[in-house]
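So the sequence lines, in the order shown, correspond to chains A, B and C.
Going by this note's numbering, the first sequence opens with residue 1, and the numbers climb by one from there.
Going by this note's numbering, the second sequence opens with residue 1001, and the numbers climb by one from there.
Going by this note's numbering, the third sequence opens with residue 2001, and the numbers climb by one from there.
In case anyone wonders, no lab produced these hints; they're calculated from the structure.
Glycine is no exception: its CB is placed at the ideal position from the N, C-alpha and C atoms.
Do not rely on the hints blindly, as some may be mistaken.
[Claimed, not checked] Think about it this way: if two alpha-carbon atoms lie no more than 20 Å apart in a straight line, the pair counts; the simulated PhoX-like pairs of lysine-lysine are:
{"hint": "1", "chain 1": "C", "residue 1": "Lys2335", "chain 2": "B", "residue 2": "Lys1307"}
{"hint": "2", "chain 1": "B", "residue 1": "Lys1278", "chain 2": "B", "residue 2": "Lys1106"}
{"hint": "3", "chain 1": "B", "residue 1": "Lys1075", "chain 2": "B", "residue 2": "Lys1065"}
{"hint": "4", "chain 1": "B", "residue 1": "Lys1137", "chain 2": "B", "residue 2": "Lys1267"}
{"hint": "5", "chain 1": "B", "residue 1": "Lys1003", "chain 2": "B", "residue 2": "Lys1223"}
{"hint": "6", "chain 1": "B", "residue 1": "Lys1065", "chain 2": "B", "residue 2": "Lys1094"}
{"hint": "7", "chain 1": "B", "residue 1": "Lys1018", "chain 2": "B", "residue 2": "Lys1003"}
{"hint": "8", "chain 1": "B", "residue 1": "Lys1108", "chain 2": "B", "residue 2": "Lys1094"}
{"hint": "9", "chain 1": "B", "residue 1": "Lys1137", "chain 2": "A", "residue 2": "Lys168"}
{"hint": "10", "chain 1": "B", "residue 1": "Lys1121", "chain 2": "B", "residue 2": "Lys1137"}
{"hint": "11", "chain 1": "C", "residue 1": "Lys2335", "chain 2": "A", "residue 2": "Lys87"}
{"hint": "12", "chain 1": "B", "residue 1": "Lys1065", "chain 2": "B", "residue 2": "Lys1003"}
{"hint": "13", "chain 1": "B", "residue 1": "Lys1269", "chain 2": "B", "residue 2": "Lys1137"}
{"hint": "14", "chain 1": "B", "residue 1": "Lys1278", "chain 2": "B", "residue 2": "Lys1296"}
{"hint": "15", "chain 1": "B", "residue 1": "Lys1106", "chain 2": "A", "residue 2": "Lys168"}
{"hint": "16", "chain 1": "C", "residue 1": "Lys2335", "chain 2": "A", "residue 2": "Lys89"}
{"hint": "17", "chain 1": "A", "residue 1": "Lys168", "chain 2": "B", "residue 2": "Lys1108"}
{"hint": "18", "chain 1": "B", "residue 1": "Lys1094", "chain 2": "A", "residue 2": "Lys168"}
{"hint": "19", "chain 1": "B", "residue 1": "Lys1270", "chain 2": "B", "residue 2": "Lys1499"}
{"hint": "20", "chain 1": "B", "residue 1": "Lys1081", "chain 2": "B", "residue 2": "Lys1121"}
{"hint": "21", "chain 1": "B", "residue 1": "Lys1232", "chain 2": "B", "residue 2": "Lys1218"}
[Stated by the list, open to error] Stretch by stretch, here's where chain A covers chain B in the computed footprint (C-beta under 8 Å, at least three residues):
{"hint": "22", "stretch": "1068 to 1080"}
{"hint": "23", "stretch": "1108 to 1115"}
{"hint": "24", "stretch": "1211 to 1219"}
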Amino acid sequence: MAELMDIIASFLASSLRQAAPLSLAALGVAYAEKAGILNIGEEGIMLSGAFFGFIAAYFSGSLFVGIISGALGGILISMIHAFMCIKVKANQTIVGLALNFFTLGLTSFLFLLVFGQNTKLPSVASLNPITLPVLSKIPVLGPVFFSQNILIYILYLAIIVFFVVFYKTEWGVRLTAVGENPRAADSAGLGVNATRYVSCIINGVFGGLGGAYITLAQLGYFQEDIVSGKGYIALVVVILGRHNPVFILLSAMLIGFAESLQFSLQTMGIPLPSQAFSMLPYLIAVIVLLLSAGKSSSPAFLGIPYERDKR
Amino acid sequence: MQKVILEMNHIDKSFFGKKANDDVYLRVMEGEIHALLGENGAGKTTLMNILYGLYQADSGEIIWKGEPLAIKSPKDAIDRKIGMVHQHFTLVNKLSASENITLGLKTKGYPFTDRASLDSKISEISTRYGLPVDPGKRILEMSVGEQQRVEIMKLLYRDVDLLILDEPTAVLTPSETDDFFAVLERLREDGKAIIIITHRIPEVMRIANEVTVLRDGKVVCSKSIGDLDEEKLSQYMIGRDLSTLKREERTGGNVLLNIDGVSLEEKGKKVLDNLCIKINEGEILGIAGVDGNGQKQLAEVILGIRKLGGGSIYLDGNRIDQLSIEERKNMGIGYISDDRHRDGLVMDMNLEENMLLRSERSGFLHHGFIDKSALKSATEHAISEFSIKTHSSGIPVRLLSGGNQQKLIIAREIHDSVRLVIAFQPTRGLDIGASEFVRSLLLSERDKGCAVLLISADLEEIFSISDEVAVIHSGRIMGIVRNNSDVDMTRIGLMMAGKEVM
Amino acid sequence: MKRKEASLAASLIVLFLTILLSLVFIGVAGDSLSSSISGFFKGAFGSAYSISEVFVKAIPLTLCGLSVAAGFYSGFTNIGAEGQFYMGAVAATVLGMYCPFLPGFLLIILGIVLSFLFGGIWAAIPGVLKAKFGISEVINTLMFNYIATGIVGILLQTVLKAPDAYFPVSSYMPEGMWLFKIIPGTRLHAGLILAVLSAIFMYVFVWRTWAGFKIRAVGSNRRAASCAGINVSLSLVLSSLLSGGFAGLAGFSEIAGLQHRLLEGMSPGYGYLAIVASLLGGNNPFGIILASIIIAVIQVGSQGMQRSSGVPTAISNIILGLVVLLILLRPVLVKALSKGDNNG
């Protein structure tokens, strides 16, 4: 019995660790989507966060500086995205894809420029777990949830803050108005584009943190295309979590669970191709999209630029 | 003595060289309901959009509470306590009534809104004026009438002194209209000024103190309601007695279109209610009625864009209501939509490609390949026959004027093998010359033995070419009259207002 | 400025900015700007072999670019060409491995048909989901890429794995299925002919046939198309099928023309680059050929640049991302340049 509990606890813990970068990124995406900004470029935002987070931590020797730089790296890309979507009113899907290309090139370009071609990857010590007093003593769940690194605590805090902002404040109401009916929001005197720019900054911060999580908390090193599709999965997590911060964490954990299952089966030497599990999250995503047909939680004006003088 | 609250003088506004407002004036007192009366396109809404800051006037002045006023945006207007409810509501569906009403306001405790106290203030206003609104209910769960009350509450919550209401009764049932007028009276007693944009004369007589009539962008009359009657107002609004085009009285042939007890529900509301009409070959049936009473749904169920809720439709004795749009069009239905940009044309395609969007296209296709030269010559033929003004048949139709776009649609939809033409607001947005052209074309189709269903909010148009006129209200046909010299227009008007006068 | 002039000027500005920004990156990274640039051109045009390498890359890019465009015409945003490519490659591999007894010409013809169908159906699933349930194809086609690469991985470790191989690769295709080399001694194969024929087919289909016309009408104005009696769902699904089909052909062409067996990571992101190709080529089949060649030049050239002066090949992704962003910026430039002259 105790053994089973241990297995469950270790699965939960590893699911949470896999889920953390997805959840961080997805929170930002949810915020931007609520305001009507569709961000296929999340992959690029995360990659930029992963890169700048790593490089700053490497040269400063401070993981704190790394985390801040990760967030800034995310903002860098999300602001280009915001400008292209809001000001230029370009097709948001294509802007996002182009930014993913750009960031993919830029990060590995800069990485090679800084470190050159080395056989040994430069690395940093990854974030240490911080054990919270009292809370970590809760049986089973305590060590799982309250003996984690700082980014996971930031995630908890963010979930609470986002929840309150979305559902308990006037900001959430305004955000909904901007995404659902920008014309109504405009005629009520709300700045539609300003709201959207702010949402993009928030998207950048959390996408950047999600990326930094990968390099600073999970791996301790950077290499080309290290985000490898997590940005796209974050978009799915948002749909699966119906833009609700709590559900987003749960959805991300579901996908994290599939990933950790894959690792443990591999280490156990079960002769199943690893791809059978690595494609699970994507299969789940497609099934979720199918099941949510017709009852999407996406705002009515998602991905559509606002033009005041156009009916 | 009441005080003048608003004056608008010498307002001019042109769109693409066409004058929408020409030296217009308007004077509104405190505690007055002022009707702005006119036909579609007379310039009423343009004038009010100028007042509300959505458009800027080319010239003219606005004096508000004795001071000249420059309004750049709706926000300025609201700040000066001028509010407007548009025909198309600006409400956020997923939010509650209360959240919509206070949207954009920084209330006490912002951003942690004290929703309960806002709700109680809303309830207080709503009881004061008899406007029942459930603050917690979401807009998407509301009927149109409720939504309109939320829109008005938005203005009252901001304590506006002038309410502009654009065709407010267009979406209301008769009993909702009664309640709504009671609210307006209470607002008037409270000293608010109200401008109500409308083209319904009986409503003006019933609720307004003053009326300003616009015709073709000019003010033709501005008087107290006591000095007027319905007949005079009608003359001012239309400008002349309803004229008729030369139309030979004739009896049609066999029944071609038979709509038998058709019903349709949308969002839990009956939009077509056991509707029955018949059209004979060689006849034009006009459907008269206020916009939004089921006309669009009627046109679209015949073509097949919407599926029926009940009843059946026969074309020449064959049941068609289960057929696809393509099959119906192949049976000889031509369709002229009221929204040519959305329904009629592919704006980015050229004239030739738009001509190809027809049911009668066998001459242009060989084994699935498009015969470009045949298509080009047919398009050029249509261009000259209908005198469509264009540089070539190869330019995108978005570069054509509205009238020329409409002519292209008509050239496409009315071809030799057409037997039924559905003409839905066929002259909307066209100038007089183009309108006359379209009407005479419909008449000539009728003379060739076609059946024509003419749906229009323009009574003059209906009575100028129809053989029979049916009046629609709330998805029901209120009555059908033969269009001859002794049509009782009062009766038509009453039917349009939903009164049973059989 | 007149609108036409403004439009031309804007294009020139986009081109100029792309080159300028690229040079900045190259200048930062390379030993010297001149050796980098000469390395670039030598890499892309220096020899018959390097030129042939450009075309070797342009073949799958063109086919995938046609794929993206075929979807675009009906408003089907296909980000899934990568996955459709792999499904086409799987179809060709299965055929080659299980029917090696068939004569070569039959293998090629069947391979073309099956790859087209496999790729097409892989895209038509999101197409049906969009047409029937209104589910956005953007995320779906993307997810289908990952699922497709997962399927390839599973197959290569199980049924398609070459018996003697240590790595997850398939056996070689029977030689009868190999496409001939256009220039002996290089890798340039007859897939080029397939790509050009596909572009011609696509041009004729989309611009000259009723079915293609319907697809364009649906993409431009779904509602008007439906009022005109066009079956919108059918056109959408047909367009997605066609779209996936071209990407599937790219998979066939890589198997039969270049690799001769199925490998993991066979495509260095052709399906994604294709979106750039289609945008750059203005969704015109022949424009896409040209755009694919340009992209291939950038990629092959940047390899030369890395050899000559150590500029990381990642530069090509930077340039492509920049090109797309600047192209998207173009309308704003045109508007700004033609200000004060609104007669256009």
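Legend entry - Earlier hints that do not hold, by number: 1, 2, 6, 7, 8, 24
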